[in-house]
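Put together the whole structure using the sequences plus the hints.
One letter stands for each residue in the lines below.
Protein chains: 4
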Amino acid sequence: MQAYEIRDGFGLDELVCVERPQPEPGPGQVRVRVSAVSLNYRDLMMVRGEYNPRQPLPLVPCSDGVGTIEALGPGVQGLKEGDRVAGLFAQRWLDGPPTADALRSTLGGPIDGMLAQQVVLDAHGVAPVPEHLDDVEAATLPCAALTAWSALVTLGNLHAGDVVLVQGSGGVSTFALDFACMHGARVIATTGSAHKAQGLRQRGAWQVIDHRNVPQWGKAARVLTGGEGVDHVVEVGGVGTMAQSLRAVRPGGTISLIGVLAGGNADLSLTPALMTQVRIQGVFVGHRASFLAMGKAITQHGLRPMVDRTFSFGEARAAFEHVASGAHQGKVCIRLTE
Amino acid sequence: MQAYEIRDGFGLDELVCVERPQPEPGPGQVRVRVSAVSLNYRDLMMVRGEYNPRQPLPLVPCSDGVGTIEALGPGVQGLKEGDRVAGLFAQRWLDGPPTADALRSTLGGPIDGMLAQQVVLDAHGVAPVPEHLDDVEAATLPCAALTAWSALVTLGNLHAGDVVLVQGSGGVSTFALDFACMHGARVIATTGSAHKAQGLRQRGAWQVIDHRNVPQWGKAARVLTGGEGVDHVVEVGGVGTMAQSLRAVRPGGTISLIGVLAGGNADLSLTPALMTQVRIQGVFVGHRASFLAMGKAITQHGLRPMVDRTFSFGEARAAFEHVASGAHQGKVCIRLTE
Amino acid sequence: MQAYEIRDGFGLDELVCVERPQPEPGPGQVRVRVSAVSLNYRDLMMVRGEYNPRQPLPLVPCSDGVGTIEALGPGVQGLKEGDRVAGLFAQRWLDGPPTADALRSTLGGPIDGMLAQQVVLDAHGVAPVPEHLDDVEAATLPCAALTAWSALVTLGNLHAGDVVLVQGSGGVSTFALDFACMHGARVIATTGSAHKAQGLRQRGAWQVIDHRNVPQWGKAARVLTGGEGVDHVVEVGGVGTMAQSLRAVRPGGTISLIGVLAGGNADLSLTPALMTQVRIQGVFVGHRASFLAMGKAITQHGLRPMVDRTFSFGEARAAFEHVASGAHQGKVCIRLTE
Amino acid sequence: MQAYEIRDGFGLDELVCVERPQPEPGPGQVRVRVSAVSLNYRDLMMVRGEYNPRQPLPLVPCSDGVGTIEALGPGVQGLKEGDRVAGLFAQRWLDGPPTADALRSTLGGPIDGMLAQQVVLDAHGVAPVPEHLDDVEAATLPCAALTAWSALVTLGNLHAGDVVLVQGSGGVSTFALDFACMHGARVIATTGSAHKAQGLRQRGAWQVIDHRNVPQWGKAARVLTGGEGVDHVVEVGGVGTMAQSLRAVRPGGTISLIGVLAGGNADLSLTPALMTQVRIQGVFVGHRASFLAMGKAITQHGLRPMVDRTFSFGEARAAFEHVASGAHQGKVCIRLTE
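Chains as they are written, first to last, in my numbering: chain A, 1 to 338; chain B, 1 to 338; chain C, 1 to 338; chain D, 1 to 338.
Hints listed in this document are in silico derivations from the structure and should not be mistaken for laboratory results. Since the model is a prediction, treat every value here as computed from it, not as a measurement. Please note: incorrect hints may appear among the correct ones.
Note that the list lumps identical chains together, so a pair holds whenever it fits in one copy or between two copies.
What the hints assert, rightly or not - Derived DSSO-like pairs (lysine-lysine); straight-line CA-CA distance at most 30 Å: (1) LYS219 x LYS196; (2) LYS296 x LYS196; (3) LYS219 x LYS296; (4) LYS80 x LYS219; (5) LYS80 x LYS296; (6) LYS80 x LYS196.
Below is the structure:
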C-alpha cells in the first residue's frame, strides 16, 4: 500500500509517496482502509519541521482521516469489518482531563498519521462518524471540529444568549461559528477579507468586523455587546490578537487558546485577565467522549462542514501548498478512493 | 473623626491624616467604627499612583478593615449595632461571576477605603468575621485571604491529594498554603530566603524550593511530583515567573493569576498552556458568598492568619513603608483602637 | 388602589377585590404600577390553602407580574421612573445556591404578590424584561420560564445533541421545550391530548408520546433514543410519573424535580437512580442572575411565550378557574391596564 | 486453581469452592494472583440472589480484590509482572459519566469476581494501590472507598467548612467520614450503638447522634449546624432514612444515594427536595480516574482503612455470615495467601 512520509528531513520537498507493506492489526487494534483525509495547519507545520523539530523521521503526516475497518486484531470488541470510522486525534485520551500519555498519543506526529491507504489504530482510537456526511466531510472532524467543540461545549459551557467571538475563517473558527449558532448563541467574527466576511455572514455570523479597517476590533466587539463584552473568545490568531481578545471579553468570560497558531513569544500583559477574572483556557483538541457527543449534535442538526477544495491522493503536495496559501475558506481535503 | 487621605497627589508623602465630619449612613447603609486595618501591596501601589494613575483624589486608602457597627441607616435588615464586621473588598459583588459594576465597587479605590476611624458602607458590603480572631487578625481576610480562597476553592476545586505550588510568603501565598493544607492537599512553596523557608515549612509546606539556588524551580517542582506536574499554581510573582509556572503545572492543571504583582508586559509564550490544556484563571479577590464560606472554614479550623507586625493609627506611613520593604512574612496591620 | 386578597380563609370564594391605600416605597424600594399578571398552578394552590395551609392572611396572591416603576424610595440606584420591570419570584435570591432566607422571599406567599394595581418591591427584587414582549407576555416569565431555564441551563448544562423529555403542555414544560430547542437539543414531549400533541409538535417537539396509549412512556422515550435514554427529564407530573422518568433517563442523566405538582407521597423506589448514577435535581424557580441570562436569550431569539388566554382584572376569579380546569395550553394571564 | 462459585442456585449454601483451570490472559488482558478480597453487602446480596435474581450462574462472587500480576496477554502496555493491583469495580468505566456498557462491566456480577486464586482482567480494569497498605487493607478500596470518594469528591465538590452527615459504621460511611475529615469538613454521624459511636468519634466524627434515642435525627443534625442544615448527606440507610436526610440537608445541598441498601419502595415525598433545591445524586461506585485520584489522597495522608476482621480463604462462608450479622465495624476481608 502507499503512504506519504516525511522522510529524510523536513519541508514539503521531503514529503514523498512510498510503498509500504500492508500493516497488520495487533491485539486490540484495527486496520482501516483510509478514504479521505483533511489537512490542518498543524500538519503543514509538522511537514515543515516547525511543529516539533525533534520529531523522529520518517513520519506519515496528517491527524485527520476517515475510512473503513477492513481487519480486526485479536480481542477487539464493539467494532466490525465495514464500520466507517475516523481516527481520533489523541489516540489514548478517552475522557476527562488529559494525561501526559494522552497528549503524546496524537496522530500525524509523534504517531504515524492518516495520509496512507491503510493504517492500523487501537480500537479505542477510532470512532464512528455522522452518517449524513460523505467521507471527505467526515474527515474534517477529528482535529478542527473537535477543538471548537471542546472549547465551547466541553470546557466552555456555552449557552443560548451568549456572544462568541471567532477569528477568521479557518477550520476551528468556522466550526466554532457553527457550534455557537447551534446552541443559540450569537457570533461576532473577525476577518480581513470582504469575500470571507460574506461567507461568515451566510454561515450565521451575527456581526463581522474587518480587522483591516478596525485594528481595535476587540473594543469594537465590546461595543457591539452594549459595552458588556463577549462571553467567549475563540483565540486562534496568535501573537498580537490576545491583547484585542482581552479587550473584547466580558468580566468573568473565557478566552479559549487554540492550536499552534497561537505560538510564539509575545510582548503581552495578562493584567487585564486578572483584573476582570477572565479565564484563559488552553484547548488541545479533545477526547473521545467529546468526539462522540459532537457527532450526535452534528447528526441531529445535519451540519455539513465547509470544505474548500478536495485534492486527489497524488496531489497531496498541492493540498499542503493550498493550506499554506491561506486562500482557503473551509477545510482542505484529500480523497484517497474513487 | 480622623482619616488618612491620599490628598493632592500620589506618593507616601501625600498620605495625610485629616479631620473629617462623622459620616451618616443613608438608606441601606451602616456606619462602622473601624478598629483594625491590614495592608496589601495593592494599597501601597494605590498610594504611589501605580495601581490606577487616574484615580480621583482625595482617596481614603486600604481595602481591608474590621470594626463595629455603630449606626444603621433606614431599611437595614439583618444587622444591628455592635455587630463586628469586615468591609468586603468588592462592595457590590454578592455571588457568581463578576459584573463590571461589581469590579468597580472596590474599597480603597475607587471607593473610599478603611483607613479611617469611621466609614459608611452598604449593608451588603459588610460581613461577619470568625469569632476566634481578634480585630487585627480578622482585618487580614477581605483581600488576601479571599483571593487565595477564590483561587483554590471557589474557582479551583481543590481536593485532597492535589499538589499546590505557592510563590513566596506574601499574604495570598500564605493563605493559599493554609487553605491547601486545610483541604488535605500538599504544598510546594518557593522562596528566596532561608528564614522564610523555615516559616513556610512550619506552616505546613511539604517542600520548599529556594529559587535563588534553583532558577528552574518549575522543573524542580515537576520532579517533586514524580514528573506529573502540580495540579495548581498560585501565580503571584508576575513577570518571569509564568514561564516557570507553566513548566510546573500538570496537563489539564490550573494557574491562578493573582493580583497586581502579575502586571507588566512580559515576553511570554502561552503555547505550553494550550499544548497541555492548562487553564489560566484570573482571580480578582472574590465575592461575598465566598467570604462567608471561607469564614466558616476558618472558624472550624481555628485558623489564625499570620500577622507580621501591627502599627498604631499614627504610624500608618511606617506601616506602608514596611510593606514596601518586602521584609515581612505575613500581614502588616494597623490598629485604630486600644 | 385595588388589590385582590385571600382574606378570611382559603378558597376561591375568599378571593376578594379590596381597596388599599397607595403603598409608599421605603429605603431601597420601588413602587410598580402593575400592568399584567400571569397565573401559575402554585397561585391556585395558594388560594385554595393547599400550598401552605399556615400562610398568614390576608395575602395578595400571584408571584408573576410586570409593570412600570412609578416611584423610587431613598437610596435606589440603577432604576428610574418609567422602567418596565417584572417582580422576581424570589425577592432576595440574587445568584448562587439559595439560602433559607432567599427561599422565604417569594411573592404571592409569604410576601404579598402582584395581583394588585400597585406594589412596592425591593429594588433588587425587580428586573427588566425583554423589549419585544408585550406586558402580558413578559408577565409569564418570573416563575414558569425561569424554572425551565434554571432546570435546563443554570443547573442542567444543556447542550446541542442532548435529548430532553418534557411532560405535558403546562407553563414550565412549554418553556422547557422552547429553551431546549433554542440550545439545539431534541425534545420528546408526553401528552394526553391529540390537540395538545399537535401544539407541541408545532412548537418544536421532535417526538410526542400520548401517555393514554403508551402508559410505559418512559420505556418508549428510551427506545426513541436508540436505547440510550434521554439526557434530561423535566419532571412536573408528580406521583406516578417518576417511575417512568427513571426508565426514560440515561445513565448519568438528570431528572429535574419541578414545582408543587410533584408533591404528595409516592410509593417510589429510587434504586434505579443509584444504579445508573442519575441526578435528581430539585428546582425552586431560580435567582436573579438566571432571570437576566434568560432574558438575554429570549431577546436574542425573539421568543414569544405561549399565552392561552388573557382575562381582565375584574375577571381574576375566572382566570383562576381556567387554570383549575387544566384546559389551557400556555399561560393564563390577567391584564390590569388598558 | 481454586475459586468460589455461586453454582446451582442462590444462597450461602450454594457458595462452593471449586477447582478451575488456570485462566490465560487474552489480548489486552492480565492474570492476577489474588492475595486478598474484601466483602461488601452487595456481595452478600449477590450470593443470596437478592441483588440480581436473573444473574446467570455459576458466578465467582466479590467485586473487591487485590493481587499481583503474574502474566500479561498480548498487547498489554504500562503493566508488568509483579505489579500489585486492585481489580476495578466497573471494568470498563474509565472516566466521565457512565455508559450502559460501563454499568454492566462490574466484577462479582455480571462478570466473574475476585474470590478466586487467579483471575484474568482487562489491563484497563486493574489499577495500582497505595504502597503503605497491606493487601487486605488495599482490597477494601474498589467498592466502598471509591463510592465514598465519588460521592463527596468527584460528584460532591466537598470543601473545608462543609458539614457532612454519614449514617452508621458501614464501609462507605466510614470512608466518607475519613474523606470528609481529610478535606477539612465536619462530620455528623448517626449510629444505633454506643460502642460504634465511640469508634466514630475516635475516627474523627465531630458529632454522633444515636438514632435509637433521637428518631428525628435529621432535625437534630440541622440544629447542630445552627439551623442551616448540612451540606452533604451520604444516604446509605434505605427506606425510612430519606425523610430524615431531607430534613437534615441545607437548601441547595446534596444527598448522595448510595448502594443497594437504599433499595426498596418507600412511601416517600420528594417535595422537600424541590422546595429547597436539593440535589439527590445517585452514586454507582465510580470510575478508574477517581480510583487513581483517591489513591493519591490515601497515600498522601497515610490513611489506613478500618478492617474489622480477616478470614482465611477456606472461611469464606463465615466471612459472608459475619457481614450478614451486621456486627462489624469496618471491612470484612478474606486473605488468600500467607
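Q. Using 30 Å as the alpha-carbon threshold, which applies to LYS296 and LYS196: within, between, both, or neither?
A. both (28 Å within a copy, 28 Å between copies)
(Q) One pair to classify: LYS219 and LYS296, alpha carbons no more than 30 Å apart. Within, between, both, or neither? (A) Classified as between; 21 Å across copies, 36 Å inside a copy.
(Q) One pair to classify: LYS80 and LYS196, alpha carbons no more than 30 Å apart. Within, between, both, or neither? (A) Cα proximity of LYS80 and LYS196: none, with 42 Å in one copy and 44 Å across.
(Q) Within a copy, between copies, both or neither: which one fits LYS80 and LYS219 at a CA-CA cutoff of 30 Å? (A) Answer is between; shortest inter-copy Cα gap is 29 Å, intra-copy 53 Å.
Q. For the identical chains here, do LYS219 and LYS196 meet the 30 Å Cα criterion within one copy, between copies, both, or neither?
A. Intra 21 Å, inter 44 Å, cutoff 30 Å: intra-copy only.
Q: At 30 Å max between alpha carbons, let me know whether LYS80 reaches LYS296 within a copy, between copies, both or neither.
A: within (21 Å within a copy, 38 Å between copies)
Going down the numbered hints, you'll see the structure goes against just number 6.
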